[in-house]
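Here's the letter readout for the chains.
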Amino acid sequence: MSAGNFNNTNASARPWFERLDRIDRRWIFLLMFLAVSGPILWIGVTGKTLPEAPTLAARAVFQEIDQLPAHSLVLISFDYDPASAGELQPMATSLVRQCAAKNLRMVFIALWPLGNQVAQQTIQDVIRDDYPALKEGDDFVNMGYQAGNEAVMKLLLTDFAKAFPKDSRGEATSNIPMLKDVKMVSQFPLLISVSAGYPGSKEWVQYVISAYNEKMNFVTGCTGVSAPQLYPYFPQQIAGLLGAIKGAAEYESMVNESLAVDGVATAPKYLQAQRRMGPQLVAHLLMVGLIIVGNVIFFARKRRGAA
Amino acid sequence: MTRQAKTWLVIGAVFVALLVARGMIGQGLGRVYVKRTDVTVTLPDAAAVNSAAAGASSTSASTSASTSASASTSAPTSAASTQPTAPSSAPTSSSSAATISWQEWKQVPPLEFIAAQKANPAQTEITLSWPRTIGLWLAAFFTLAIFSFLYADNPFYKIAESLVVGVSAAYWGVIGFWDTLVPKMFGALTPGLVKSLVQPSLVAPEMLQQISMIFALILGVMMLWRLLPRGGWISAWPLAFIVGVTAGLKIVSHVESDLMAQAAATMKPLVVSVTDASGATNMWDSWWASVANVLLVTGVICCLAYFFFSVEHKGVVGGAARVGIWYLMITFGASFGFTVMGRIALLAARVEFLFDDWLWLIDPNHFRGL
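Protein sequence lines, in the order shown, are assigned to chains G and C.
Sequential numbering of the first sequence, starting at 1, is according to the working numbering.
Sequential numbering of the second sequence, starting at 1, is according to the working numbering.
Keep in mind that the hints are not guaranteed to be accurate.
As the list claims (entries may be wrong) - Okay, derived cross-link-like pairs now, SDA-like style, lysine to any residue, Cα gap no bigger than 20 Å in a straight line: (1) Lys184/C - Asp159/G; (2) Lys162/G - Val108/C; (3) Lys35/C - Pro155/C; (4) Lys184/C - Trp172/C; (5) Lys250/C - Ala211/G.
No lab work stands behind these hints: they were computed from the structure.
Sequences are here, hints too, so could you generate the full structure?
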């Protein structure tokens with residue numbers, strides 16, 4: 001399929017598969033736009049979402065958080081920025097929501113510069129808006145961004161306060177009540193990373209989980225591009241994995257179900273991932289259709305060539 | 001006028017016409033309203049703060065200097081402690097040393113603005129935020145400018161592309177300076193100066209860290225030596241240091257996590273017996289667990305056979321290599337599927353932004369009460 005074929009002569013004389021093969025690719029872009037925007041409009045107007053059947057990897061994420069006793073420390077690393085928020089923000093929101101509902105003590109960190117702002121926004125949307133009883137410094141704290149990539153991870157292995165000497169407000173780590181006894185990362189029974197690439201989930205496995213595989217568990221949510229690289233680590237090194245928006249939708253549906261209150265509808269902000277599965281479905285059907293058409297054209301040309 | 005120019009003109013005209021029409025229907029589109037909140041914070045102990053500020057040049061790990069930065073959120077009487085700070089909020093004024101006042105603006109639905117105007121047309125608490133509205137329209141414009149490349153290369157795309165590159169470069173420069181150089185380098189070498197001038201909440205480093213930073217500074221200067229006309233070879237030394245340290249870190253971590261742990265994870269029993277809660281064997285689950293393990297072990301062996309070039313791919317090795325190719329193809333297909341899913345999710349997020357925040361065609365978060 002080629003672009004810019006406005007001046008095709010004798011187009012009607014060509015066989016159907018050649019005409020299809022030479023179709024302007026911008027028609028495909030338009031089809032993809034319609035395939036994505038149609039369901040968004042429909043779901044936006046009706047509010048309906050598709051049902052989700054959680055897979056083993058998504059269920060494992062839910063269970064790892066669910067089995068922790070209340071007030072357990074959880075380290076949540078925001079290793080992404082707004083460029084990947086369309087994929088990762090829904091899972092980050094649900095992860096923080098489940099931790100907040102379980103009354104876990106959350107320590108937010110960021111290894112990406114803009115991860116700090118994304119974490120701050122998530123804290124605002126989930127904790128401050130819906131769990132106002134949780135107190136900053138006692139129940140959650142945002143340690144902000146720290147430059148250094150793997151060096152920060154290595155430092156966390158030996159000295160948490162040295163890796164993050166103060167929180168995002170400027171408060172010294174030694175003065176934060178919930179971190180009073182925290183010396184190193186192994187004191188966190190669970191590490192969560194929402195990761196868009198480097199540094200992210202892979203580096204957490206390589207530099208931290210390998211060292212403390214038996215002492216702390218690790219669950220992660222990642223982009224679609226990086227998911228295939230992380231699946232080999234599941235379930236030995238990564239206890240639970242949310243692969244792209246599909247994993248987010250599965251996990252989101254589990255969290256919503258576990259926190260559902262009779263007669264009260266789930267807040268729309270906790271349905272982001274499930275809403276985005278509508279466009280996924282139609283766009284994937286379009287992709288499958290295009291791949292089939294491409295193959296039909298290929299075999300038709302081959303047969304004609306052979307004849 | 002070329003045919004392409006005419007096409008652009010028609011697309012642009014239709015788009016503007018649709019936009020104007022949308023602006024005249026219902027609540028309109030693309031406006032951001034904000035509600036002002038006056039926040040006043042009383043510092044816990046003004047005398048203590050003053051004395052702490054005076055002692056800020058101390059190099060001990062005292063937290064006193066951070067009081068002024070954290071007081072706004074930790075003071076018990078603070079409105080900010082109960083009401084979240086909006087991302088765009090900024091201090092607008094400061095009073096005496098004992099209290100700090102500022103204004104916060106939080107986005108509110110348009111219906112709230114309309115109701116406030118009806119109740120009191122002269123009210124100024126809820127207003128149209130021009131900076132945020134312009135920001136919203138710029139975000140929409142640049143989103144469309146980037147999408148326009150799908151039709152053809154054009155000046156709007158070029159502008160958006162150049163802006164992304166320029167802003168990213170500047171942003172990384174600023175991040176590198178304020179998050180690396182200032183706190184880690186200057187903060188370690190001259191903690192008193194950095195604390196008193198730019199970062200009052202800086203936690204003073206230990207002596208060992210300060211000494212190590214001197215070496216880091218020397219290595220940094222050696223690295224920059226390559227910019228000089230002579231002695232460029234000096235930069236090879238810090239480069240060698242970086243390569244050596246990185247290789248050491250990577251080798252250990254890769255051997256641990258990607259070789260040993262992955263090899264151990266591959267050594268699985270080919271026949272698995274899964275028992276349920278009562279202790280009875282679940283035949284169905286056992287069957288599937290065994291199949292999964294057999295597929296896993298077979299896949300690893302066959303893929304290794306494909307990449308084993310010391311033996312000609314004939315006979316058993318050739319058959320295993322062909323099976324390995326199938327495994328690899330399935331892996332590539334899965335990767336492609338995941339990539340498509342990721343890209344569509346990003347596209348969906350941008351389209352949702354255009355339809356929701358900008359055009360007000362949908363209201364999935366029930367923000368505007370449509």
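Results of checking the hints against the structure:
no.	hint	verdict
1	Lys184/C - Asp159/G	16 Å, holds
2	Lys162/G - Val108/C	41 Å, violated
3	Lys35/C - Pro155/C	38 Å, violated
4	Lys184/C - Trp172/C	16 Å, holds
5	Lys250/C - Ala211/G	14 Å, holds
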